[in-house]
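Protein chains: 2
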Amino acid sequence: MYKANIRITLRPSILDPQGKAVHHALENLGEDAVKRVRMGKYVELWIDAADEARAKAIAHAACEKLLANQVMEDFVVELEEVAAEQEA
Amino acid sequence: MYKANIRITLRPSILDPQGKAVHHALENLGEDAVKRVRMGKYVELWIDAADEARAKAIAHAACEKLLANQVMEDFVVELEEVAAEQEA
Numbered sequence: 000m001y002k003a004n005i006r007i008t009l010r011p012s013i014l015d016p017q018g019k020a021v022h023h024a025l026e027n028l029g030e031d032a033v034k035r036v037r038m039g040k041y042v043e044l045w046i047d048a049a050d051e052a053r054a055k056a057i058a059h060a061a062c063e064k065l066l067a068n069q070v071m072e073d074f075v076v077e078l079e080e081v082a083a084e085q086e087a
Numbered sequence: 000m001y002k003a004n005i006r007i008t009l010r011p012s013i014l015d016p017q018g019k020a021v022h023h024a025l026e027n028l029g030e031d032a033v034k035r036v037r038m039g040k041y042v043e044l045w046i047d048a049a050d051e052a053r054a055k056a057i058a059h060a061a062c063e064k065l066l067a068n069q070v071m072e073d074f075v076v077e078l079e080e081v082a083a084e085q086e087a
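Residue numbers (numbering that gives the first Met the number 0), protein chains in the order written: chain A, 0 to 87; chain B, 0 to 87.
Heads up, a few of these hints could be off.
Copies of the same chain look alike in the list, so a pair counts if it works inside one copy or between any two.
Below are the DSS-like pairs computed for lysine-lysine, each with C-alpha atoms no more than 30 Å apart in a straight line [claimed, not checked]:
no., residue 1, residue 2
1, K34, K64
2, K19, K55
3, K55, K2
4, K34, K19
5, K19, K40
6, K2, K40
Everything labelled a hint here was simulated from the structure, so no lab data went into it. Please read these numbers as outputs of a predicted model, since none were measured by experiment.
Generate the whole structure from the sequences, applying the supplied hints.
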């Protein structure tokens with residue numbers, strides 16, 4: 000069993016109004032040292048695959064088919080091996 | 000300038016209906032090898048701080064005050080040093 004930790008971020012050229020709103024909220028809370036905020040998604044997939052290469056291919060397919068909008072978003076997949084009993 | 004990469008995840012005991020919906024969608028797309036999905040948030044903060052310890056304290060304060068709901072969510076902060084010109 001592999002666990003894929005996937006970070007999905009807006010491409011640098013895409014405006015991030017949610018990040019701007021969070022930035023303003025942090026300023027209002029007194030956190031002036033925060034200069035910029037970008038909001039993304041974090042997805043954890045538990046994948047039953049024979050080897051790491053196959054698990055990576057499945058995680059990339061999931062991102063490309065469903066999780067990420069590749070016009071606006073980038074994704075990074077990190078894989079770790081986990082015990083099968085962590086499956087829900 | 001430091002960049003804090005923050006992963007915010009639902010605590011293991013909290014049900015994740017969004018993750019269940021994504022899991023079903025992946026099954027319908029033929030990705031049967033995916034056995035479990037959990038959805039979280041990924042937040043990038045650019046922090047102007049004198050040293051890494053101070054930047055870490057600011058990132059934790061931002062999570063505790065605003066970004067994470069500590070009743071239901073856990074967060075992990077990873078820091079990296081970045082050039083000041085990456086500021087927006």
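Quiz item: For the identical chains here, do K34 and K64 meet the 30 Å Cα criterion within one copy, between copies, both, or neither?
Solution: Result: close only across copies, 17 Å inter versus 34 Å intra.
Exercise. Have a look at K19 and K55 and pick one of within, between, both or neither, based on CA distance no larger than 30 Å.
Key: between (33 Å within a copy, 21 Å between copies)
Quiz item: Between copies, within a copy, both or neither: which fits K34 and K19 at Cα up to 30 Å?
Solution: within (10 Å within a copy, 35 Å between copies)
Self-check item: Up to 30 Å CA-CA - K40 versus K2, copy category
Solution: both (16 Å within a copy, 17 Å between copies)
Quiz item: For the identical chains here, do K19 and K40 meet the 30 Å Cα criterion within one copy, between copies, both, or neither?
Solution: both (16 Å within a copy, 16 Å between copies)
Quiz item: Is it within, between, both or neither when you check K55 against K2 at 30 Å Cα-Cα?
Solution: both (10 Å within a copy, 27 Å between copies)
Violated hints for the displayed structure: none, as all numbered hints are satisfied.
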